[in-house]
Amino acid sequence: MNGQYAALLIAIPLISAFFVPLIKKAGRKAILSYVIAVTVAQIAVAAWVFKRVYTTGKPIIVMAGGWKPPVGINLYIGYFAALFVLIVAIASFLMAVFNLRAMKTEPLDKYAMLFLLLMLGATGMIATGDIFNLFVFMEITSITAYALVAYNKTGEAAEASMKYMILGGIGSSFFLIGIALIYGATGTLNMAQLAQFAGLVNSTVVQAALALLIFGLAVEAELFPLNAWAPDAYQASPHPITAMFAAFVVKAGLYAMVRVLFLFQASSGWSGIMKLLVIMATLTVVFGEFSALRQRDVKRMVAYSSISQIGLAAFGFALVGKAGASTGVASLAVSAAVFHMVNHAIVKLLLFLAVGYVAIALGGTKLEHFKGLGRRMPVTAFSITIAAFAVVGIPMFNVFWSKVKLLIAGVEAGYTWSVFLILGASVVEAVYYFRLVHTMWFSGEDVNEKISESVPIMAMMLALVAVIIYIGLYPNTVWHVVQKAGSDLLNVGSYVKHVPLINVGVRP
Amino acid sequence: MVSVLKRAIAIAFILIIGYWIASALSHVPFGADKMLVGNYYLQHVENQTGAINAVTAIVVNYRGFDTLGEVTVLFIASTGVAALLWERKRKRTARTEGTIVLTTGTRLLFPFILLFGSYIFIHGHLTPGGGFPGGATIATGFLLMYLAFTTYRIPHRGFEVSEGLAGMGYVIVGLIGLAVGGYFLFDWIWQTWKIGTVGNLVSGGFIPVIYTLIAIKVGTELSGIVDNMLREGSS
Amino acid sequence: MIHPYPSASGWVADFIIAVMIGVAIFAVEWRDLLGAVVGMAAVSLFASILFYFLQAPDVAMTEAAIGAALSGAVFIFALKRTVRYETEEEEKPGWWLRW
Amino acid sequence: MISAYYFGSIALIMIGLYTVLVKKNLLKILVGLSIMETGVNLLLISIGYISGRSAPILSEGVGPNQAVDPIPQALVLTAIVIGVATTAMALSVAILLYKKYGTLNIEEIRRLRG
Chain A
1 MNGQYAALLI
11 AIPLISAFFV
21 PLIKKAGRKA
31 ILSYVIAVTV
41 AQIAVAAWVF
51 KRVYTTGKPI
61 IVMAGGWKPP
71 VGINLYIGYF
81 AALFVLIVAI
91 ASFLMAVFNL
101 RAMKTEPLDK
111 YAMLFLLLML
121 GATGMIATGD
131 IFNLFVFMEI
141 TSITAYALVA
151 YNKTGEAAEA
161 SMKYMILGGI
171 GSSFFLIGIA
181 LIYGATGTLN
191 MAQLAQFAGL
201 VNSTVVQAAL
211 ALLIFGLAVE
221 AELFPLNAWA
231 PDAYQASPHP
241 ITAMFAAFVV
251 KAGLYAMVRV
261 LFLFQASSGW
271 SGIMKLLVIM
281 ATLTVVFGEF
291 SALRQRDVKR
301 MVAYSSISQI
311 GLAAFGFALV
321 GKAGASTGVA
331 SLAVSAAVFH
341 MVNHAIVKLL
351 LFLAVGYVAI
361 ALGGTKLEHF
371 KGLGRRMPVT
381 AFSITIAAFA
391 VVGIPMFNVF
401 WSKVKLLIAG
411 VEAGYTWSVF
421 LILGASVVEA
431 VYYFRLVHTM
441 WFSGEDVNEK
451 ISESVPIMAM
461 MLALVAVIIY
471 IGLYPNTVWH
481 VVQKAGSDLL
491 NVGSYVKHVP
501 LINVGVRP
Chain B
1 MVSVLKRAIA
11 IAFILIIGYW
21 IASALSHVPF
31 GADKMLVGNY
41 YLQHVENQTG
51 AINAVTAIVV
61 NYRGFDTLGE
71 VTVLFIASTG
81 VAALLWERKR
91 KRTARTEGTI
101 VLTTGTRLLF
111 PFILLFGSYI
121 FIHGHLTPGG
131 GFPGGATIAT
141 GFLLMYLAFT
151 TYRIPHRGFE
161 VSEGLAGMGY
171 VIVGLIGLAV
181 GGYFLFDWIW
191 QTWKIGTVGN
201 LVSGGFIPVI
211 YTLIAIKVGT
221 ELSGIVDNML
231 REGSS
Chain C
1 MIHPYPSASG
11 WVADFIIAVM
21 IGVAIFAVEW
31 RDLLGAVVGM
41 AAVSLFASIL
51 FYFLQAPDVA
61 MTEAAIGAAL
71 SGAVFIFALK
81 RTVRYETEEE
91 EKPGWWLRW
Chain D
1 MISAYYFGSI
11 ALIMIGLYTV
21 LVKKNLLKIL
31 VGLSIMETGV
41 NLLLISIGYI
51 SGRSAPILSE
61 GVGPNQAVDP
71 IPQALVLTAI
81 VIGVATTAMA
91 LSVAILLYKK
101 YGTLNIEEIR
111 RLRG
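Chains as they are written, first to last, in my numbering: chain A, 1 to 508; chain B, 1 to 235; chain C, 1 to 99; chain D, 1 to 114.
Hints were generated in silico from the structure; no laboratory data involved.
Careful, some of the hints might be misleading.
Unchecked claim - Partial list, derived from the structure: chain B residues whose beta carbon lies under 8 Å from chain A:
| id | residue |
| --- | --- |
| 1 | Leu5 |
| 2 | Val28 |
| 3 | Gly31 |
| 4 | Lys34 |
| 5 | Leu36 |
| 6 | Tyr40 |
| 7 | Glu46 |
| 8 | Gly64 |
| 9 | Val73 |
| 10 | Thr79 |
| 11 | Ile154 |
| 12 | His156 |
| 13 | Gly181 |
| 14 | Tyr183 |
Said to hold, decoys possible - Ranges between beta-carbon positions, derived for each pair:
| id | chain 1 | residue 1 | chain 2 | residue 2 | range |
| --- | --- | --- | --- | --- | --- |
| 15 | B | Ile176 | A | Ala37 | 19 to 27 Å |
| 16 | B | Asn47 | C | Ile76 | 43 to 51 Å |
| 17 | A | Asn503 | B | Ser3 | 53 to 61 Å |
Just so it is clear, CB atoms sit at the ideal spot from N, CA and C, and this is done for glycine as well.
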């Protein structure tokens, strides 16, 4: 099959979302099953793309309209995008199954459309090769997210959504100003061509534009000063949506930020911007962990923890600035950060799935609800325990490997102070996760009635637990994949080489 | 005192940002020819797309992928507004009927507004305009109906279905391009069949087709947003 | 060569820009939110005239139809379902976008 | 020295940003965001302008070398539509907030929420 068929990754969710109004009257179960069917189709396409990219070793360049870049818009599905598009599809599938249990709030037909479009937006952000198209997909993702955060229609949800919307609105305006500056200085919007021009552009323009672009994307990537919306939004949104946020929406934002930053490696003043990113990332980790410690609500606590883990991944990417893009440290750091993103997606998917399930079964996510959970819902409690051990970074579980590699890279790059801060924050993290585990297994002797757990959800949780342990025991299989994905991100030279740019003349 | 300080900090902050954008812009001279890809479009637009309005050609053809996303964004907005303002029983709460001038004027104007909107989007590849202003004009017609008559409502269900069908139509046109020409959103009408002459109404490949779909979609979506905003719950 | 559109520079453009900035300041400082919304729509209309000067008739049409008319209308409907006046207390500056 | 158009668009962006930072009334904040978006659109179009050239509609009298840059115009068309979509979403959330809390003062809402 022709590589152009990878465009189905965009076309399938889109056409299926547009189809939903026609089956509006079919009832709750039919609509939610339809969503599951669509995500299965998406997984099939994503798996085909993944297999093709990793066997041929060449990225798929989808050229919309048949126009060669930079004339038309192209999608660039390399190692990284193929991996994450697959993760997006699988996570959406799991959450679509979870929907059957979790979603009762009307109007479900609208929910189904928004669900599919959230998946579409993240896929597009990861796959696109054009900076303005990135903006469009970012808007698709974020506007869907605004609607979904407020979907429960409670006061908290509306407030969280409003906060997100205003920060996101400033962010997208800044992003657009950044695009305007870059376009004015280069005359093109194609990412590969921008990378070619990076060294030639006036440094004032590039620095201002990059700072604006980072500011815009940091809202989506939940980096420190701009992530005020995230805990509220995570807490207030429907449970499947929270898991999707943590699993891939924030990743798409972080990826977009890193991709845009790495494109401008050649420009002067680049390492200054990366230093800024190191500081933002470290502060994200520290603030996230310390705020998590204070929470009495488990969903909110996990949300803070998720934010700080993203900060850790961003820290890995930011290390490249000091080490220099072509060094071994840089490639270690970037691969470790990608590895951390993958691990974090799996673990947080499991955690939010389990916590959401507890909320549905017991009516809330306060710490009190978790008392004696080990006796009431043993499988769920077991999954949460495994996930907690994994997040904290206990050996034998997947996050351990990525965390260790990130910290080694941090030391080698010479950011010892950040590494110490992050280690301290990890201790804090261990404290509150063990508090949760302790509450689940060793308190609440008075509550004993057992709750029967739903089989599909148990199956999903145990599958994710199995993946966590598998990666923990045999990290090398995944490490090879993420190393390729990391080099795809880092090596801009090969990115430019793979995009078939045509000559459109020179600027006057 | 505190409020003055807050205001001062905010003003200082925005002045720094403004200065900073301005200093970057001083390296992007106003009015100079800075085109690279833009020039390519201008040179080849008539030949490659059959449209004489370069902006339309870029929006629908060269950068059609953006437009697909843009249509999706509007779709999300109308869906989101409907989802958030959803209540089991809602009705319009306007109390005063429009004056005789407004109602008669609206009755007279309404068909012409729809006609004008259609003109705008059908001629998108020849004159300024296109699907978005055209659709918005059509929505303005429905808005006027809402303002003039207290009990008027758009055929809600039909609008939702046509919105979905128009969106599907857009994706299907793109998928036909994938099947015929090998690329998603490939302009099979112009590049494979060469229908029409440049400058005539029948030209521009799939631009008029897509703009019609977009206009239907935009018109129904914006009217849907208006409808949702104007109907309140019984509480 | 035919110039179907007016020139982009000159005192007319400068004057419109000045008025536009003035209206924008007015719009954000006005206690009556209906006035603020009308001011916002007026800023959009002035911007649309400037787009016309800058040889962008497509954008001018879209901005006038969508940016000024429809978005203003939607704002006014929202006003109808909420409150029309800003309170005294809201006049004072706040920092609600904090962490 | 920057051009009047650049100055105007930066001024709009700054006014909008100031509103978002300082005001407490939600609708006012949204008016500010809207003004900011208008400013950004104006900035993009001014960047694409080339002195002495006409609109990129290649009818009689306007050749390919006598037109302004069409790309920013296409981008702004997209941006305007995205802007109105965001505005509509934001306003419906504002209506929801008013229904729940009976006020549009965002600090008050935050206090009520606890």
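Hint check, failures only: 1, 3, 7, 11, 12
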